[in-house]
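Student: What follows is each chain in one-letter form.
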Amino acid sequence: MAAKSARRWFAGGGTPAVPAALSAALAFAPLPGARADGLAGDSALVAAPAAARARQYLDVERRRLELRERVLSAPAAPAPGEAEAAPQPTGSARPSGGPDPAFKLGEAYCFPNPAASGAVPTFHVEAGLADSVRVELYDAAGERVAELSASGPPGVVEDGQGPRYAYELRWEGPIASGVYAFVARAEKDGVTLTASGRCAVVR
Amino acid sequence: MDRRLERTAWVRTSLALGLALSAFAAAPPASATEPGAVFLALPVDARAAALGSNPALASPGLFGDPAGLGALPGRRAMLSHGALGAGGTLDAVELSVPLGGSGPGRGGAAAARWGLGAGLLRHGAGTLGGRGADRSHTAAASASDFAAGAGLGVAGLPGGLAAGVALKGIRGSIAAFGAATWAVDAGLSGPWTIAGCPAGWSLALRNAGPGLKFLAQRDPLPTSAAAGVSFVAARGVMLSGAFERRLPDGRGRLNAGIELAPGAFLALRGSYAGTVAPGADARRAFEPGVSGVAGGAGVRCGRLALNYAFAPGAAGNSHLVNLAAQF
Chain A
1 MAAKSARRWF AGGGTPAVPA ALSAALAFAP LPGARADGLA GDSALVAAPA AARARQYLDV
61 ERRRLELRER VLSAPAAPAP GEAEAAPQPT GSARPSGGPD PAFKLGEAYC FPNPAASGAV
121 PTFHVEAGLA DSVRVELYDA AGERVAELSA SGPPGVVEDG QGPRYAYELR WEGPIASGVY
181 AFVARAEKDG VTLTASGRCA VVR
Chain B
1 MDRRLERTAW VRTSLALGLA LSAFAAAPPA SATEPGAVFL ALPVDARAAA LGSNPALASP
61 GLFGDPAGLG ALPGRRAMLS HGALGAGGTL DAVELSVPLG GSGPGRGGAA AARWGLGAGL
121 LRHGAGTLGG RGADRSHTAA ASASDFAAGA GLGVAGLPGG LAAGVALKGI RGSIAAFGAA
181 TWAVDAGLSG PWTIAGCPAG WSLALRNAGP GLKFLAQRDP LPTSAAAGVS FVAARGVMLS
241 GAFERRLPDG RGRLNAGIEL APGAFLALRG SYAGTVAPGA DARRAFEPGV SGVAGGAGVR
301 CGRLALNYAF APGAAGNSHL VNLAAQF
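From first to last, the protein sequence lines are chains A and B. For the first sequence, the positions run 1 to 203 when this note's numbering is used. For the second sequence, the positions run 1 to 327 when this note's numbering is used.
Excised from the complex, chain A in its bound form:
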């Protein structure tokens, strides 16, 4: 009876007599051999006897719950801005593929460089999750001409080398053409990391 109802439903004839629990599970539990487009799964479902389909459903549901349990029990990467409350996994302890929140200096550069015409020079500083990040800019005479501060949590930058936390500070306003030295300082728990570089502006 159930097989007939299912067959009619998939053929578009009348209301299916599929149990509600099975309908919900089908949405996320592809059958063995199913393809991405779902055609093979539908065909297998139509062809399988009701008892076999029930066993398959229970098996898939069990594996789904096991997978869910594993995902929920795994250590999660702290969200930006939650660095102080969250544990600080380092090295292999961090979930594979996520940005490393450890407070250590990565790349620090300016882009675009040179910043020609109306392009806004932006300073990219990788330091994991820091309490504060600021960039000081000096002209050729060594005089400080600007100081930028990060006002929020870092963003996650993916540039082909894996996702990384990065603070990006834009230097806006009137800037004279020239080559400027920048010193980036990241602070966390009284520890300061410093990086320097140069940035050219052409207006």
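Heads up, none of these hints are tricks.
From the structure, some residues in chain B lie toward chain A, with a derived Cβ separation under 8 Å:
no., residue
1, 35
2, 86
3, 123
4, 125
5, 128
6, 129
7, 177
8, 212
9, 215
According to the in silico footprint, chain A covers these stretches of chain B (three or more CB under 8 Å from chain A):
no., region
10, 38–47
11, 168–176
These aren't lab readings, by the way, just hints derived from the structure by calculation. Even glycine gets a Cβ: it sits at the ideal position worked out from N, Cα and C.
Once you have looked at the hints, place chain B on chain A.
Tutor: For chain B alone, coordinates are given in the frame of chain A:
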């Protein structure tokens, strides 16, 4: 009597000019704009740099004091090299020659003497790691600036005054972009006495010109007006002070220096400068810091003089060394 009156008139005129220039220098800026081509404001003379870039102590030359060109006792050549704290180098070569006098002045006054100077200055900013707008690496780029020109000075004017003017051509390049402009320097100096001690004063206007334009924006040059004094307080002890205001952004600089010359061939120097910068909340805020400290030493051997200056800074330490020869 006539000579005395003439001398008094020149002194009064000079003081009036000095007061006018000081007022001009102290006036609030029309707009707080950071200047471009700031390498033009860097000293190439290590003695002047160690003493806080006092115009009264700048060496005679195109990139120093054009007013001193007329007082040259002989031909003078100078080579200078600097490693800048903010990265980059500063190299200069100067040649100055006396042109002779114009005959005795009126009433037996000293003859006016003329001098000519020429030079070349290069500021190298080195190689920049290129980045595109998408953060990707691009081809490395280099940046450099050049200035070249000539100056003319006259000394022996009534009242012991000396005056000079210099014209410089300037070219800057950043990656594939370039710009050119020109600038004028002018100086006026004279003798003085402070409490019976021999002293000198100097007024200088530096880097006055139309600005540097690469693409669409014309950046003002680091035009500045400065006044400085120096006097010998005791045998082998010279004190100096100066005030300089950069006109485009109104930034001022007040410095004091000391030179100790215990022997005929060695001198030790030190100075401190405070910056007076216009701000949004406080019109002028005194910003003391280690970046205002400079020091150096010099040795003289016959017609050769070797000078060195050192200035720590937040962006790095600067070193300047130059060799001057008189022949």
